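Asks: Protein chains in written order, with my numbering: chain A, 1 to 191; chain B, 1 to 377; chain C, 1 to 432.
The set of hints was computed from the structure by calculation and includes no laboratory data.
Mixed in with the good hints, there may be bad ones.
[Said to hold, decoys possible] Listed next, the in silico SDA-like pairs over lysine to any residue satisfying Cα-Cα at most 20 Å (straight line):
hint: 1; chain 1: B; residue 1: Lys291; chain 2: B; residue 2: Pro102
hint: 2; chain 1: A; residue 1: Lys184; chain 2: B; residue 2: Arg330
hint: 3; chain 1: C; residue 1: Lys208; chain 2: B; residue 2: Gly41
hint: 4; chain 1: A; residue 1: Lys112; chain 2: B; residue 2: Arg56
hint: 5; chain 1: A; residue 1: Lys184; chain 2: B; residue 2: Pro102
Remember, it's a predicted structure, so these values are computed and weren't measured experimentally.
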Amino acid sequence: MSTDTETQTSETEAPEKKDVPAKPKEQLPEFEKGLTDKIVTKFREKTQIAFVKPNRIQINVKKEDIKDVAFFIRDDLGFDHAESVTGVDHPDQKEIEVVYHLGNYTDPKLAKQILALSTRAPREDNPNPGKDSTRLPSLREVFYSVEFHERECFEMLGVYFDGHPDNRRLLLPEDWADLPPLRKDFNIKGR
Amino acid sequence: MSAKLPPGLALQKVDERIMTLNVGPQHPGSGHMRLIIQVDGDYIVGCDPDPGYVHRGEEKMAEYRNYITNIPHLERPVIHDSCNILYPYCLATEEIVGIEVPERAKYVRVIASELNRCVYTMYWLAIYGIFLGHSTMFMWPAGDRELLIDLLEKMTGARVTHAYFVPGGVRNDVPANFEDVCLRQVNYFEKRIKEYADIFYNNPILIHRTEKAGILSREDAIRLGTTGSVLRASGVDFDVRTKEPYDAYGELDVHTNVLKEGDSLARSKIPWMDMLESCNIIRQALEKMPKSGTVRTKLKPNPKGGDVSVYKRVESGRGSLGCYIVSKSRPEPYRVKLSVGSFRNLIAIPYLLKGEKLGNMPAVYWSLNYWPVEADR
Amino acid sequence: MSVIAPKFRVSEFLRSVLDNIFWIVVILTLVGIPLLQIILFYVPLPVYQGELINPFLTLTWISHPELALPLVKAFLLTDMFRIMAFPGFGFAALLAAGVIFVERKMLAKLQLRVGPFYCGKIEGILQLLGDGLKLISKEIIIPAKADKPIFIIAPLLFVGAAAAFVALIPVAPGWVVADVDLGLIGVFAVIGFFPIITVLASWSANSKYPFIGGIRALHQMVAFEIPLILSLLGIVILTGTLNLSEIVESQTNFPWIVFLPIGAIVFFIGMLAELERIPFDLPEAESEIVAGWLTEFSGMMYGLVQLGSYLKLYAFAALFVVLFLGGWNGPVFWPPLEETLIHEGETIGPLTVQTPGLPIFSMEFFSGVIWFILKTAAVIFFILLPRGVFPRIRIDLLLDLGWLKLIGLAFVNIFIALGLLYSGVIGPGGLM
Numbered sequence: 001m002s003t004d005t006e007t008q009t010s011e012t013e014a015p016e017k018k019d020v021p022a023k024p025k026e027q028l029p030e031f032e033k034g035l036t037d038k039i040v041t042k043f044r045e046k047t048q049i050a051f052v053k054p055n056r057i058q059i060n061v062k063k064e065d066i067k068d069v070a071f072f073i074r075d076d077l078g079f080d081h082a083e084s085v086t087g088v089d090h091p092d093q094k095e096i097e098v099v100y101h102l103g104n105y106t107d108p109k110l111a112k113q114i115l116a117l118s119t120r121a122p123r124e125d126n127p128n129p130g131k132d133s134t135r136l137p138s139l140r141e142v143f144y145s146v147e148f149h150e151r152e153c154f155e156m157l158g159v160y161f162d163g164h165p166d167n168r169r170l171l172l173p174e175d176w177a178d179l180p181p182l183r184k185d186f187n188i189k190g191r
Numbered sequence: 001m002s003a004k005l006p007p008g009l010a011l012q013k014v015d016e017r018i019m020t021l022n023v024g025p026q027h028p029g030s031g032h033m034r035l036i037i038q039v040d041g042d043y044i045v046g047c048d049p050d051p052g053y054v055h056r057g058e059e060k061m062a063e064y065r066n067y068i069t070n071i072p073h074l075e076r077p078v079i080h081d082s083c084n085i086l087y088p089y090c091l092a093t094e095e096i097v098g099i100e101v102p103e104r105a106k107y108v109r110v111i112a113s114e115l116n117r118c119v120y121t122m123y124w125l126a127i128y129g130i131f132l133g134h135s136t137m138f139m140w141p142a143g144d145r146e147l148l149i150d151l152l153e154k155m156t157g158a159r160v161t162h163a164y165f166v167p168g169g170v171r172n173d174v175p176a177n178f179e180d181v182c183l184r185q186v187n188y189f190e191k192r193i194k195e196y197a198d199i200f201y202n203n204p205i206l207i208h209r210t211e212k213a214g215i216l217s218r219e220d221a222i223r224l225g226t227t228g229s230v231l232r233a234s235g236v237d238f239d240v241r242t243k244e245p246y247d248a249y250g251e252l253d254v255h256t257n258v259l260k261e262g263d264s265l266a267r268s269k270i271p272w273m274d275m276l277e278s279c280n281i282i283r284q285a286l287e288k289m290p291k292s293g294t295v296r297t298k299l300k301p302n303p304k305g306g307d308v309s310v311y312k313r314v315e316s317g318r319g320s321l322g323c324y325i326v327s328k329s330r331p332e333p334y335r336v337k338l339s340v341g342s343f344r345n346l347i348a349i350p351y352l353l354k355g356e357k358l359g360n361m362p363a364v365y366w367s368l369n370y371w372p373v374e375a376d377r
Numbered sequence: 001m002s003v004i005a006p007k008f009r010v011s012e013f014l015r016s017v018l019d020n021i022f023w024i025v026v027i028l029t030l031v032g033i034p035l036l037q038i039i040l041f042y043v044p045l046p047v048y049q050g051e052l053i054n055p056f057l058t059l060t061w062i063s064h065p066e067l068a069l070p071l072v073k074a075f076l077l078t079d080m081f082r083i084m085a086f087p088g089f090g091f092a093a094l095l096a097a098g099v100i101f102v103e104r105k106m107l108a109k110l111q112l113r114v115g116p117f118y119c120g121k122i123e124g125i126l127q128l129l130g131d132g133l134k135l136i137s138k139e140i141i142i143p144a145k146a147d148k149p150i151f152i153i154a155p156l157l158f159v160g161a162a163a164a165f166v167a168l169i170p171v172a173p174g175w176v177v178a179d180v181d182l183g184l185i186g187v188f189a190v191i192g193f194f195p196i197i198t199v200l201a202s203w204s205a206n207s208k209y210p211f212i213g214g215i216r217a218l219h220q221m222v223a224f225e226i227p228l229i230l231s232l233l234g235i236v237i238l239t240g241t242l243n244l245s246e247i248v249e250s251q252t253n254f255p256w257i258v259f260l261p262i263g264a265i266v267f268f269i270g271m272l273a274e275l276e277r278i279p280f281d282l283p284e285a286e287s288e289i290v291a292g293w294l295t296e297f298s299g300m301m302y303g304l305v306q307l308g309s310y311l312k313l314y315a316f317a318a319l320f321v322v323l324f325l326g327g328w329n330g331p332v333f334w335p336p337l338e339e340t341l342i343h344e345g346e347t348i349g350p351l352t353v354q355t356p357g358l359p360i361f362s363m364e365f366f367s368g369v370i371w372f373i374l375k376t377a378a379v380i381f382f383i384l385l386p387r388g389v390f391p392r393i394r395i396d397l398l399l400d401l402g403w404l405k406l407i408g409l410a411f412v413n414i415f416i417a418l419g420l421l422y423s424g425v426i427g428p429g430g431l432m
């Protein structure tokens with residue numbers, strides 16, 4: 001569980017991936033910094049801290065390591081459920097990014113934090129959902145609550161989740177035969 | 001019938017003992033979604049929810065409109081509670097664009113949000129009455145709700161789908177004598193809903209039907225990621241308004257109602273207790289509201305932010321509603337995702353209905369505070 | 001829609017008049033004369049002042065209305081009047097119509113609405129008339145695969161059974177349509193009819209939802225029949241008779257509810273279940289199975305079923321009053337009329353000359369009827385009240401109630417009655 005009282009002293013210039021670079025010597029929030037330091041110490045170069053803001057942390061992980069990182073986050077840091085799973089399509093980088101927002105209900109200190117765990121899956125131009133290379137390991141064993149969110153991500157973006165018991169359509173009609181709708185190549189008619 | 005089925009459909013063998021029921025979209029007891037239930041005698045052995053009948057592609061449409069024109073269509077998923085579903089979107093947009101909301105606007109937002117929460121909860125209670133066959137439980141909430149809709153109409157101009165919240169504040173100021181009218185109506189409303197305790201919640205048949213039906217334990221509630229009244233009825237003290245206060249909630253005194261049993265009776269009581277709490281919040285907000293000031297920060301035309309991604313959440317009538325916006329320096333957001341409370345509670349429906357009696361199905365299903373339109377977006 | 005009237009021609013007019021005259025004469029001769037012969041030959045006409053009633057007497061009656069009184073009194077004592085008007089169908093139907101209107105209004109006020117409002121000048125009084133006219137004018141749709149003979153007969157059977165039930169209830173001393181010595185057993189027999197008719201009606205419709213509703217109705221009615229009958233055994237034990245009029249007469253000093261309250265409660269709950277009123281309205285649960293076993297009835301068939309339902313309601317409430325609340329007994333609160341008016345004119349039958357004795361009925365009769373109506377109205381009020389207060393009960397709770405709890409309570413009631421009898425407190429013949 002989180003022991004926040006022994007966080008490190010405030011750091012300056014931590015490796016932030018993106019932020020409006022206003023002041024180079026900016027103080028990062030301590031508690032969040034403590035959490036990210038724990039992750040960095042355990043996983044070193046496998047993870048990449050995207051940003052550390054008050055109450056919000058984002059970590060980028062490769063898809064091979066995401067399950068281990070997720071287990072660590074659940075067991076050691078104490079986040080106990082996933083609030084939502086979002087898929088973002090980046091056609092220019094030929095990748096689909098899946099972001100898991102993790103939260104905590106029981107610990108009062110962690111209750112405000114949301115940790116965004118993001119991975120990327122390769123994107124194909126002619127998708128065949130379920131049978132092409134756009135695959136990610138499913139986090140359902142780690143966080144049970146992602147079951148329906150991952151199904152929606154599968155149907156909307158075509159990302160197949162290995163290990164999910166039921167990769168099936170949820171919101172789209174059963175006879176949908178077009179591109180997964182949230183991809184950027186799928187254009188709404190008339191726009 | 002051709003041998004080749006369209007993709008997504010499958011043939012299933014009909015079992016002799018287990019009957020598959022379609023509690024479907026055109027059923028007086030289901031709302032606009034379908035539950036495929038497998039029944040063995042009187043016990044439900046399998047449940048497969050099939051939402052998606054009201055899916056409109058809100059998130060896809062949001063990528064084609066800029067931050068301001070996104071507002072009218074993003075509030076449509078829950079028409080009664082429309083302020084609450086726009087709230088995280090507005091908060092996120094304000095952070096992306098980098099503007100501050102004036103003080104008076106924060107309090108007006110709090111009042112509108114609480115009124116919307118009450119309006120939604122009354123509607124939910126009314127439908128709960130119909131599912132249980134209690135016609136008075138339908139008529140009273142539907143009638144008392146009109147008091148609050150009247151207030152909202154004075155405030156925003158529309159009864160439902162107000163399109164009132166904009167990034168930067170609210171669209172227009174409340175009318176001149178609004179504080180007095182609001183106080184009077186809220187006091188009367190509170191008196192009315194206190195009478196519900198006698199006829200609904202102390203009703204022996206209601207208690208008999210909902211007590212111990214669909215018990216959700218505390219660990220399961222946390223593990224399943226449920227939210228809102230479902231979570232609080234299972235003993236978890238979590239409310240975004242107190243844990244992560246936004247706008248003026250930091251200065252108000254919000255009390256969270258928690259019950260421990262986790263059955264349908266507790267889940268049907270918590271929204272009612274929350275409504276009483278909302279009346280308190282509205283009264284406090286009316287007192288503390290700054291008496292004058294602007295309610296809107298003017299935006300430059302076509303506002304846009306940098307390459308950021310923001311996640312904000314708010315407590316709505318169904319639970320915590322989050323909005324994740326990815327922006328890439330264009331007037332349109334790159335990706336908008338609404339993480340709604342109903343979708344997060346969807347996982348509890350098959351989990352709880354397995355093993356329940358068929359007669360308990362309406363009581364358990366609707367007590368999970370599931371609003372099909374919102375879950376489909 | 002305006003109809004363009006054809007141009008008036010005298011020949012057409014004369015032709016139409018002659019046409020009408022022709023048809024009237026034809027009908028009068030072909031139908032009227034045989035009817036007259038039948039009446040003259042077979043119907044026993046009363047004898048008045050030594051001669052048979054004949055049309056010339058009507059002219060006398062127009063000038064001296066009081067001479068017609070004995071005929072009216074005689075008519076009031078015939079079976080026909082009893083069946084159609086007073087304790088029978090007319091009275092019950094009028095009360096049933098009143099009950100429907102009161103129910104809608106009362107429920108509306110309870111739910112903060114207004115109820116019927118527009119039909120009729122005062123608060124929607126004529127709403128029922130409007131509904132009745134609407135039902136009569138609607139087309140009767142019979143599903144194609146339905147079992148036609150049974151489907152058509154079922155509502156008629158329902159109304160018939162309800163009317164048979166009404167026929168057994170005494171309203172005033174001597175005023176019963178069917179004064180049967182085994183009146184209470186007759187009541188049980190008729191109550192036992194209703195599940196059969198319901199299942200017939202629902203099964204013959206050949207559709208899923210009526211079938212489910214009919215099965216539920218069968219379960220419900222059968223489960224509650226036994227406690228219903230058992231709860232009345234206490235009264236039979238204590239009065240020693242099954243005749244309903246005698247049961248009422250035995251309550252001249254005290255109603256039976258004082259001694260057997262548990263039986264009254266069991267009977268009341270069983271009554272709610274037999275009538276399919278909320279909270280026991282599973283057979284017509286709207287939010288689950290559309291309208292239950294009434295789904296396929298339309299037009300006047302639905303009207304007949306509703307009429308039968310409300311006749312049953314009146315009959316059950318009247319039965320409760322007769323058995324537990326003392327029937328027509330109650331203090332006579334009008335002063336008796338003067339002697340001359342009464343004693344010189346109260347002979348039965350038109351064979352004796354009457355002085356102008358206008359009171360057709362005695363004061364005791366009137367007060368009896370008034371008390372009966374008041375008590376029945378009170379019971380009906382309590383039957384209508386749960387509709388606004390309770391949700392619908394679940395099937396397993398219903399069966400648990402009917403087969404376990406109520407039978408247990410009914411047996412407790414029988415033991416109380418036996419205890420009262422054998423301890424010598426009360427018995428057939430009043431207090432010991």
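Asks: Check the structure against each numbered hint from earlier and tell me which ones fail, lowest number first.
Replies: Those not satisfied are hints 4 and 5.
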